[in-house]
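Novice: Take a look at the letters that make up each chain.
Number of protein chains: 2
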Amino acid sequence: MSRGFKSLTPVDKAVAEFLSKVSHRPPVVDVPLGEALGRYLARDVVAEVDVPPFDRAAFDGYAVRSVDTLGAARTNPVVLKVVGRAGPGRPYQGVVGAGEAVEVATGAPLPEGADAVVPYEEAAERGGSVEIYRPVPQYYYVSRRGEDLSRGELVLRAGTRLRPWDLGVLASLGMSRVPIYSVRAAVISTGDELVEVDDVRGGPPPPGKVVNSTRFALIGLFREAGADAHYLGLVPDDEEAIRRALERALADFDVVATTGGASVGGPDATHRAVSSMADFYVRGVAARPGRPNGAAVVGGKPVVVLSGFPVAAIVGFEIFARPAVLKMVGGRPEPAPTARGVLTRRITTPINVRTYARARAYVRDGRIYVEPLAVTGSGVLSTLTRGNAILVVPENREGYDEGDEVEVQLIRGLEEA
Amino acid sequence: MSRGFKSLTPVDKAVAEFLSKVSHRPPVVDVPLGEALGRYLARDVVAEVDVPPFDRAAFDGYAVRSVDTLGAARTNPVVLKVVGRAGPGRPYQGVVGAGEAVEVATGAPLPEGADAVVPYEEAAERGGSVEIYRPVPQYYYVSRRGEDLSRGELVLRAGTRLRPWDLGVLASLGMSRVPIYSVRAAVISTGDELVEVDDVRGGPPPPGKVVNSTRFALIGLFREAGADAHYLGLVPDDEEAIRRALERALADFDVVATTGGASVGGPDATHRAVSSMADFYVRGVAARPGRPNGAAVVGGKPVVVLSGFPVAAIVGFEIFARPAVLKMVGGRPEPAPTARGVLTRRITTPINVRTYARARAYVRDGRIYVEPLAVTGSGVLSTLTRGNAILVVPENREGYDEGDEVEVQLIRGLEEA
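These protein sequence lines map, in sequence, to chains W and A.
Numbering follows the numbering used here, with no gaps: position 331 of the first sequence is 331.
Numbers in the numbering used here are just positions in the second sequence, counted from 1, shifted up by 417.
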């Protein structure tokens, strides 16, 4: 008898159907601004104040009434009386009258009466007066109230992944707490061959056993994707045990990933457990590595059913889990670093399958080259540490020829060699 | 009198001199593998075991003695007796003899006696026998012991920033704890105009005051760069107070960033405090925004002296602080996402100054366009949230023309419009 997946679902079709069934929204929690880095904003943020909250000097120089500078020239300076000084947080308390100026440092509140700043470069102070060498228009070198953010303006959209400057913007709006989605992810491993790294401690695993490495990769990927990820442990290759573990996980978490037990012709207890629970389940995708990966939806929540082999599981994470997180929070994909280079060796891939080939991209004599490392080998994780790039070969190609220019995704910087 | 920096140091020169003086190495700590994500590995890692630890099936099918398959063909199959089954963690306990086969699932230990796997697609089981349709060479579809990582091999270098797959590799080597650099970063804010967001709580700041937003951006940048970052609070614009704060910070932290008090013609207490302590100090860089930024070294540790204005401070972080972190841990820069697009509007920049222009990159009709948002405006943080790209204009250019193709760094994904 011949076994294997009867038919494989194209990646894009599998993902589109899966995401269309994911309807869960993670809970919204208010966190202190300093803890919101990398999380997804849960509400649109509209400015309730103007930023900056007042007109201020945008350059070091002299705050003046712009009309006073009409006709000023280096050969025919306008002379103003310096009536005070102001700095950031140290406003000038009086009013600048006709023929008067106040020395200001960048960031100082613009004194009342003044409407422009003459930079030092266009002025010279002597005694109690300053010579102005050029006329300045109204608001010259003035940072206007609300110039950065104006009251009522939509500042950040829900679903935005918060980066450092976003936190700065939220602070300047006076927001000391921020509503974010609390995305909790669970990873469940299955596989009777697995032992945990804590039970091995530097030595080789017992005969026939391998260390569960995939869980660390998945937890790391979920965290990098902005989720709070928890490993729930190793579950025996038993349908009922896996179903109970999934039920518990789905009660507490927003997204669940399993590894192992999804093969055809091998252990398939995870597959059977998921089948018995799922409202939607796509299984067997036209991706290499990662053919056994699948994705299910239970009660609106995504359950990603991944291979036990680390490279295949990582590919499955990128295909199903990352988009599922983004779908739940209304987020958008982040840009990926890429490089274009010349392929050093032909690679052959199957038609109608999307292939994720590991590669090493390097610079030599100012040109970028891409050396393929592995097209297959779903267990050979070292291809990701030896290499620094992924070459995705689309379904409609049977590979690339040596010398072809290809675009790769960089998972580390380009190497020199 | 005309004020300002007498001369500005070119960015590359300032950075090279600064980094050459940074000699501090952060302490090395052993952390559980699950806490090492995003941290910098502190020692070279050499494999002490083979991974996988035994030969195993790399495909679902039948483990056989390859010599038995000689001459097999679809029209003339070789028939072998199926003597058992094996799966991952479920080895076949006997020895595969001449004329025998064991059904194996991917990941199963290769049974003793067998040296190749015939995939299901090339075989058909009937009763207790299997027909083999093609000859297979030795080790066909066998994942060899040590194929992923072989004992004695250098697996990851010190200075590597640990990504999810690196954690998987370390797990498969049996490492339950990892030596990482503990990089502790401190941020000190100065500026009499500043109030903390916790003191404002949604309303506008008191007259003449602005919320300290820069600290959130810097803490976030340090964290994204793999450091453990702490905000040490607001220090008055007073040289002695700032010196004491710096001394305390340098006793506890590996890198310190200050904001504010570094201007020429305005508050300069930070500048004076740093001047009095520094073994090396470069100040006034040919960058826009960010001219007042500087960098010092005290006892081998980097002290980054940044503008109080958020965009200028962020530029200063990228110029000085990120490279300083990498220097201390022996790390390499991470790849940045980029895009090439057509400039929608001319931008003019000063010669001999490196300009960091904020821009919006978007796709229309399949082409990428880059719309400049701001060339100046060191305080206008919203240019980073409205935009998604940074266009760095090098020192030898006075800008770009409308229609020029430019490369930008993406800080978010490309927009559609």
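You may find that some hints are simply not true.
Derived DMTMM-like pairs: lysine to aspartate or glutamate, alpha-carbon spacing no greater than 20 Å straight-line [unchecked claim]: (1) W:Lys6 to A:Glu542; (2) W:Lys327 to A:Glu832; (3) A:Lys423 to W:Glu416; (4) A:Lys438 to A:Glu613; (5) A:Lys744 to W:Glu416; (6) A:Lys423 to W:Glu415; (7) W:Lys6 to A:Glu538; (8) A:Lys744 to W:Glu415; (9) W:Lys327 to A:Glu542.
Stretch-level coverage of chain A by chain W, calculated; a stretch enters the list once three of its residues show a Cβ under 8 Å from a Cβ in chain W [to be verified]: (10) 469-476; (11) 566-578; (12) 656-668; (13) 754-767; (14) 779-790.
Cβ pair distances, simulated, as ranges [what the hints assert, rightly or not]: (15) W:Ser182 to A:Gln555: 47 to 55 Å; (16) W:Lys6 to A:Asp645: 23 to 31 Å; (17) W:Ala417 to A:Pro444: 43 to 51 Å.
Hints are computed from structural coordinates only; laboratory data are not their basis.
For every residue, glycine included, the Cβ atom is placed at its ideal position computed from N, Cα and C.
Novice: If a hint holds in the structure, say so; if it does not, say that too.
Specialist: Structure-based check of each hint:
no. : hint                             : in the structure
1   : W:Lys6 to A:Glu542               : 17 Å, holds
2   : W:Lys327 to A:Glu832             : 17 Å, holds
3   : A:Lys423 to W:Glu416             : 38 Å, violated
4   : A:Lys438 to A:Glu613             : 34 Å, violated
5   : A:Lys744 to W:Glu416             : 18 Å, holds
6   : A:Lys423 to W:Glu415             : 39 Å, violated
7   : W:Lys6 to A:Glu538               : 12 Å, holds
8   : A:Lys744 to W:Glu415             : 17 Å, holds
9   : W:Lys327 to A:Glu542             : 44 Å, violated
10  : 469-476                          : holds (count 4)
11  : 566-578                          : holds (count 3)
12  : 656-668                          : violated (count 0)
13  : 754-767                          : holds (count 3)
14  : 779-790                          : violated (count 0)
15  : W:Ser182 to A:Gln555: 47 to 55 Å : 53 Å, holds
16  : W:Lys6 to A:Asp645: 23 to 31 Å   : 51 Å, violated
17  : W:Ala417 to A:Pro444: 43 to 51 Å : 32 Å, violated
When each numbered hint is compared with the structure, violations occur for hints 3, 4, 6, 9, 12, 14, 16, 17.
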